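There are 2 protein chains.
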Amino acid sequence: MKGLEEVTFDEKGLVATIIQEMSSNEVLMVAYMNRESLKKTLETKETWFWSRSRGELWHKGGTSGHIQRVKEMRYDCDGDALLVKVEQTGVACHTGEKSCFYSTLYKEEAVKKKEAMLEESENIEELLS
Amino acid sequence: MKGLEEVTFDEKGLVATIIQEMSSNEVLMVAYMNRESLKKTLETKETWFWSRSRGELWHKGGTSGHIQRVKEMRYDCDGDALLVKVEQTGVACHTGEKSCFYSTLYKEEAVKKKEAMLEESENIEELLS
Chain W
1 MKGLEEVTFD EKGLVATIIQ EMSSNEVLMV AYMNRESLKK TLETKETWFW SRSRGELWHK
61 GGTSGHIQRV KEMRYDCDGD ALLVKVEQTG VACHTGEKSC FYSTLYKEEA VKKKEAMLEE
121 SENIEELLS
Chain Y
1 MKGLEEVTFD EKGLVATIIQ EMSSNEVLMV AYMNRESLKK TLETKETWFW SRSRGELWHK
61 GGTSGHIQRV KEMRYDCDGD ALLVKVEQTG VACHTGEKSC FYSTLYKEEA VKKKEAMLEE
121 SENIEELLS
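Top to bottom, those sequences are chains W and Y. Heads up: the first sequence runs through residues 1 to 129, numbered per UniProt numbering. Heads up: the second sequence runs through residues 1 to 129, numbered per UniProt numbering.
No lab work stands behind these hints: they were computed from the structure. The model shown is predicted, which means the values in this text are computed figures rather than measured ones. Check before you lean on any hint, since a few could be wrong.
The list treats identical chains as one, so a pair stands whether inside a single copy or across any two.
Below 20 angstroms or equal to it, Euclidean Cα-Cα: the simulated PhoX-like pairs (lysine-lysine) are [what the hints assert, rightly or not]:
| hint | residue 1 | residue 2 |
| --- | --- | --- |
| 1 | K107 | K40 |
| 2 | K112 | K12 |
| 3 | K107 | K39 |
| 4 | K40 | K12 |
| 5 | K112 | K45 |
| 6 | K12 | K114 |
| 7 | K39 | K12 |
| 8 | K107 | K45 |
| 9 | K98 | K113 |
| 10 | K71 | K45 |
| 11 | K45 | K12 |
| 12 | K98 | K39 |
| 13 | K71 | K39 |
| 14 | K12 | K113 |
| 15 | K113 | K40 |
| 16 | K40 | K71 |
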């Protein structure tokens with residue numbers, strides 16, 4: 001398969017894979033693919049991963065129905081990371097959150113202020129509508 | 001430091017870190033942080049990584065000037081991946097590309113068509129301007 005030989009798997013046979021929502025560019029999750037899950041992803045155009053905790057192939061959404069339709073796949077300059085742009089059905093995170101990255105470690109004051117202003121403006125618009 | 005205890009480092013003491021451009025949400029690169037580089041990143045508000053190939057701490061842009069100003073940092077639901085939103089000076093990739101993910105492994109036909117139409121429309125706008 002074209003480009004597949006460009007992907008470098010680590011000593012465990014895995015490659016870090018970022019899942020990004022196609023429409024918004026929001027990062028939804030990070031998971032790991034092995035060669036087999038990468039092939040299944042390219043064949044089915046739905047995401048398959050290697051579960052490091054369960055030690056098994058994992059079809060994302062196979063149980064929950066929250067599948068990810070693959071729109072685009074990229075690999076980075078040294079071939080040891082993948083970026084998959086998807087259309088997400090339901091939510092990506094098992095907690096029920098849309099993205100797994102819902103916890104903030106740091107936010108710049110200017111970003112906080114901008115977000116607060118945006119929220120206020122949305123509230124005002126709602127009151128006026 | 002608040003939230004730092006939520007981050008889980010792997011058996012090599014590393015955590016996978018996605019760098020995303022704040023303004024566009026474009027994914028620029030993936031790199032790895034250890035505890036020290038994460039602390040330095042939070043202290044200086046510029047990205048620091050652990051270089052797995054050179055085995056040393058690495059201040060992104062320290063040599064090239066292509067630094068990344070940290071605007072926001074998030075961690076995922078199991079704490080073993082970080083998402084850092086930055087303002088990138090210059091480009092993120094050592095090849096000179098803006099993002100390290102410049103190589104395509106797969107693109108859906110509908111996405112290709114949409115991109116071709118967008119390009120054509122931009123070309124027409126340019127001719128008319």
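Results of checking the hints against the structure:
no.: 1; hint: K107 with K40; verdict: between (38 angstroms within a copy, 16 angstroms between copies)
no.: 2; hint: K112 with K12; verdict: neither (40 angstroms within a copy, 34 angstroms between copies)
no.: 3; hint: K107 with K39; verdict: between (38 angstroms within a copy, 15 angstroms between copies)
no.: 4; hint: K40 with K12; verdict: within (18 angstroms within a copy, 29 angstroms between copies)
no.: 5; hint: K112 with K45; verdict: between (38 angstroms within a copy, 15 angstroms between copies)
no.: 6; hint: K12 with K114; verdict: neither (43 angstroms within a copy, 38 angstroms between copies)
no.: 7; hint: K39 with K12; verdict: within (17 angstroms within a copy, 28 angstroms between copies)
no.: 8; hint: K107 with K45; verdict: between (35 angstroms within a copy, 10 angstroms between copies)
no.: 9; hint: K98 with K113; verdict: neither (23 angstroms within a copy, 28 angstroms between copies)
no.: 10; hint: K71 with K45; verdict: within (8 angstroms within a copy, 34 angstroms between copies)
no.: 11; hint: K45 with K12; verdict: neither (24 angstroms within a copy, 33 angstroms between copies)
no.: 12; hint: K98 with K39; verdict: neither (26 angstroms within a copy, 28 angstroms between copies)
no.: 13; hint: K71 with K39; verdict: within (15 angstroms within a copy, 36 angstroms between copies)
no.: 14; hint: K12 with K113; verdict: neither (44 angstroms within a copy, 38 angstroms between copies)
no.: 15; hint: K113 with K40; verdict: neither (44 angstroms within a copy, 25 angstroms between copies)
no.: 16; hint: K40 with K71; verdict: within (15 angstroms within a copy, 36 angstroms between copies)
Of the numbered hints given earlier, the model fails hints 2, 6, 9, 11, 12, 14, 15; all others are met.
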